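Go by the hints and put chain B onto chain A.
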Amino acid sequence: MTRIADAFENGKAFIPFVTCGDPDLGTTARLVRAMAAGGADLIELGIPFSDPTAEGPVIQAANERALKAGTTTDKVFDLVENLRRDVSVPMVFMTYANVVFSYGTEKFCARSREVGIQGLILPDVPFEEKGEFDATCKAHGLGLISLIAPTSEDRVARIAREASGFVYCVSSLGVTGVRSEITTDIGAMVGLVKKEKEIPCAVGFGISTPDQARKMAGHADGVIVGSAIMKLIAKHGRDAEPYVAEYVREMKEAVRG
Amino acid sequence: MNKGRFGIHGGQYIPETLMNAVIELEEAYNRFKDDPDFSRELTELFNDYAGRPSRLYFAARMTADLGGAKVYLKREDLNHTGAHKINNVLGQALLAKRMGKTRVIAETGAGQHGVATATAAALMGLECVVYMGKEDTVRQALNVYRMRLLGAEVRPVESGTGTLKDAVSETFREWTSRISDTHYVLGSVMGPHPFPTIVRDFQAVISKEIKAQTFEREGRLPDVVMACVGGGSNAIGAFYHFIGDESVRLIGCEAAGRGIDTFETAATIATGRLGIFHGMKSYFCQDEYGQIAPVYSISAGLDYPGIGPEHAWLHDTGRAEYVPVTDEEAVQAFEYLSRTEGIIPAVESAHAVAHALKIVPELGKDKIVVINISGRGDKDCAAIARYRGEDIHD
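Chains as they are written, first to last, in my numbering: chain A, 7 to 263; chain B, 580 to 973.
If you're looking for bench data, these hints aren't it; they were derived computationally from the structure. This structure is a prediction, so every number in the text was calculated from the model and none was measured. Be careful, since some hints might not be right.
[As the list claims (entries may be wrong)] What follows is a list of derived Cβ distance ranges for each label pair:
| hint | chain 1 | residue 1 | chain 2 | residue 2 | range |
| --- | --- | --- | --- | --- | --- |
| 1 | A | Arg36 | B | Glu732 | 52 to 58 Å |
| 2 | A | Ala141 | B | Gly704 | 32 to 38 Å |
| 3 | B | Ser759 | A | Asp92 | 47 to 53 Å |
| 4 | B | Lys944 | A | Asp80 | 53 to 59 Å |
| 5 | A | Asp245 | B | Thr896 | 54 to 60 Å |
[Claimed, not checked] Derived DSS-like pairs: lysine-lysine, alpha-carbon spacing no greater than 30 Å straight-line:
| hint | chain 1 | residue 1 | chain 2 | residue 2 |
| --- | --- | --- | --- | --- |
| 6 | B | Lys582 | A | Lys144 |
| 7 | B | Lys713 | A | Lys241 |
| 8 | B | Lys790 | B | Lys612 |
| 9 | B | Lys676 | B | Lys787 |
| 10 | A | Lys237 | B | Lys676 |
| 11 | A | Lys241 | A | Lys136 |
| 12 | A | Lys221 | A | Lys237 |
| 13 | A | Lys200 | B | Lys582 |
| 14 | A | Lys81 | A | Lys136 |
| 15 | B | Lys582 | B | Lys612 |
| 16 | B | Lys582 | A | Lys203 |
| 17 | A | Lys136 | B | Lys582 |
| 18 | B | Lys676 | A | Lys201 |
| 19 | B | Lys713 | B | Lys946 |
| 20 | B | Lys676 | A | Lys113 |
| 21 | B | Lys787 | A | Lys74 |
[What the hints assert, rightly or not] Per the computed footprint, the stretches of chain A lying under chain B, defined by three or more beta-carbons under 8 Å from a beta-carbon of chain B, are:
| hint | region |
| --- | --- |
| 22 | 10 to 21 |
| 23 | 130 to 140 |
| 24 | 225 to 236 |
Every residue, glycine too, gets a C-beta built ideally from N, C-alpha and C.
Looking at chain A on its own, in the form it has when it is part of the complex (with noise of 0.2 Å):
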């Protein structure tokens, strides 16, 4: 059985980011079987949200399209389920709150569970509010991923005792996107987590090169990668299928250590 620790223990983990349904369903499972034969470990997948919040303009654009496209929550259970068939790797639901909400906790998460779903990310869900959630993922034994910040501080130790999976570390304020250079010491950040409890730390927002991926995985566990994977998307539309596989064979291998 396919479990989130299974992505960390192929050296360091390289995990990427795709919008479902951008520009279409089909593109979107090409590009997963893609990213999973150029050795990604883990794959975050996004349901596509009107308003996504936490996301910076090439995401929310990526948002944007595939809802142009029909895409819906729906959908992205059938397209898990089809791509199950063959893709071994973790995969795990990045969203927003009221698109679990507004299915069903209790229905979308048995369904996640069914198509072969490991975990849920939900940004706009902080450990505050995790309970009504959190409950619910472990009855159907998904993983609740917790995110820190550079703003975290002392809430760090709390969230990283009841972190399940991996813990998401934010690499610097803000929104996602492309940064040229991030000043956040990522080292301290996964110190005070791995001094809590012994459990993955992956990096992601503002992480592009390869460079960027080696530094950041020189000091924790994994690297996340979405906006420069969005960007390659948004530029080659349906033909973006070689480009993100290699991408994420260049990115694996400078992370790899």
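Frame of chain A, contents of chain B only:
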């Protein structure tokens, strides 16, 4: 855990990056709200700068014309900057200063909250950036100029539908990237805790005054208090001190746009359902998959797909009633109040006037109705003229 709840509504559904910022805000607010120096300074600003208390005006001609209950108008339109928005903004700007913040950011729909924030920022020497939907910057060009004149920077928001909800999203995004010197002056009783409580407390001066003024004039409580509701700050301000007085009917008037049976509506209680968005659990206009619906109203200030969590709770408990009012009804009321009382109300406030036109004739002459005129209507004249087929320039 699970703070800031009104029944099941409210909460703090925001990115981890902002959590310490709202905790810091809550702590600062709890420290200053009962601080005598803070209260004195705020009262001075309310009275000397904003022109409070605002008048409670007996609308004699309207009362005679409708032939039912006595109608009083709470004249928030007479406040400095022309709306109730200044109450909240002065409070939050003062709080921001006490917290050592040097910069404020805000969202705005029609521009009233943006203008009020720019005003308070000018008064208190704070840097100010206002996010406004691209479409609204066109609809409300005069307010954009006003904000710039007051020294604020106006950033048009092109994402999503380019309206109020997108301006709110973008202001949250900006706050995520710059927290240490920046306070987000949220304009309504919405968003994550503690905003719905802070904004309500600063607006509650409205009902405190209505209560005292009605006692002074009539020796008793009013029978009905009504106000328009978008996010719901003027309504909660007008309701708050009456919530415990069960005999007082509280009525919130939502913007139905072209009608609640059309997609061009912003009536959240009438057409929305429970959801989680912009930091809170409440009612939202959304589709079956939880995608937030594009909403519409002639009033840019009510053009929002959600409602504050305390209103959602007042609705659940039945303590307040929420009714939809269409564009056409609001425009008729806008014209009616202008002609009958010589008062041009904001098109937002006209939604409350419109519902009063329906219920006042049904009520006995011994009843007292208070309508909160949340703002003045100068800003809306061009849009109403266009609605009536006349083309005039802003």
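Which hints from the list above does the structure break, by number from lowest to highest?
1, 2, 10, 11, 18, 19, 20, 21, 22 and 24
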